[in-house]
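Please model the entire structure based on the sequences and the hints provided.
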Amino acid sequence: YRSFYGHLAQRFCLRGKAYRECFENLFVQHYATVHRLDTNKLRSVAMFFAHLLATDALPWHVLAIVRLTEEDTTSSSRIFVKIIFQELSEQLGMRALNEKLQDPTMEKNLESIFPKDNPKNTRFSINFFTSIGLGGITEKLRQLLAKRNSTFA
1 YRSFYGHLAQ RFCLRGKAYR ECFENLFVQH YATVHRLDTN KLRSVAMFFA
51 HLLATDALPW HVLAIVRLTE EDTTSSSRIF VKIIFQELSE QLGMRALNEK
101 LQDPTMEKNL ESIFPKDNPK NTRFSINFFT SIGLGGITEK LRQLLAKRNS
151 TFA
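Per UniProt numbering, numbering of the sequence shown is gapless, rising by one per residue and ending at 153.
Rather than coming from a laboratory, the hints here were simulated on the basis of the structure.
One should not assume that every hint holds.
Said to hold, decoys possible - Distance condition first, Cα-Cα at most 25 angstroms in a straight line; then the derived DSS-like pairs of lysine-lysine: (1) 100 / 140; (2) 82 / 100; (3) 120 / 82; (4) 140 / 116; (5) 82 / 41; (6) 108 / 140; (7) 82 / 108; (8) 116 / 147; (9) 147 / 120; (10) 17 / 120.
Here it is as structure tokens:
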């Protein structure tokens with residue numbers, strides 16, 4: 001990954017809505033075909049989009065297409081999401097990332113990454129982020145899961 005290209009794309013996205021929409025479509029296309037990329041390309045593409053997200057050049061609603069469940073992801077898509085969130089954590093810092101993810105206006109965009117629909121999916125998301133060293137961003141999900149478990153106990 002060369003940061004030059006991330007900065008260039010950032011400038012395009014901030015320049016106009018038409019450019020930003022093109023990069024939004026590129027995110028959707030790349031996520032859908034991420035299993036075709038070799039490891040180095042996958043890493044570069046994920047870092048590229050992480051940069052655009054971290055700088056708010058790309059709106060975070062693009063993450064709504066990511067459904068983080070065992071059934072809906074492949075190993076490649078999980079690696080892609082892993083790299084994006086690790087890069088976001090590195091670029092923004094854990095505190096700022098957590099604040100961004102906890103923002104009530106972001107909840108709708110992130111409900112597929114942090115699913116609350118059933119305990120199995122919730123647990124999968126918690127375990128995924130914990131395994132990549134970002135368990136802190138799942139605190140809300142952990143509380144929800146504990147609350148559900150206590151009501152059934």
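Hints versus structure:
1. Between the alpha carbons of residue 100 and residue 140 the distance comes to roughly 13 angstroms, so the proposed pair stays at or under 25 angstroms and holds.
2. For the proposed pair residue 82 and residue 100, the alpha carbon gap of about 17 angstroms is at most 25 angstroms, so the pair holds.
3. The hinted pair formed by residue 120 and residue 82 meets the criterion: a straight-line CA distance of about 19 angstroms does not exceed 25 angstroms.
4. Restraint check for residue 140 and residue 116: the C-alpha separation of about 10 angstroms stays at or below 25 angstroms, so the hint holds.
5. Taken as a hint, the residue 82 and residue 41 pair is honoured in the structure, with Cα atoms around 14 angstroms apart against an allowance of 25 angstroms.
6. With a CA separation close to 15 angstroms, the supplied pair residue 108 and residue 140 stays within the 25 angstroms bound.
7. Proposed proximity of residue 82 and residue 108 is supported: the alpha carbons are some 20 angstroms apart, at most 25 angstroms.
8. Taking the CA atoms of residue 116 and residue 147, the gap is near 12 angstroms; set against the 25 angstroms cutoff, the hint holds.
9. Distance hint between residue 147 and residue 120 is fulfilled; the C-alpha atoms sit about 14 angstroms from each other, no more than 25 angstroms.
10. Distance hint between residue 17 and residue 120 is unfulfilled; the C-alpha atoms sit about 38 angstroms from each other, more than 25 angstroms.
Comparing the model with each earlier hint shows a violation of hint 10 alone; every other hint is respected.
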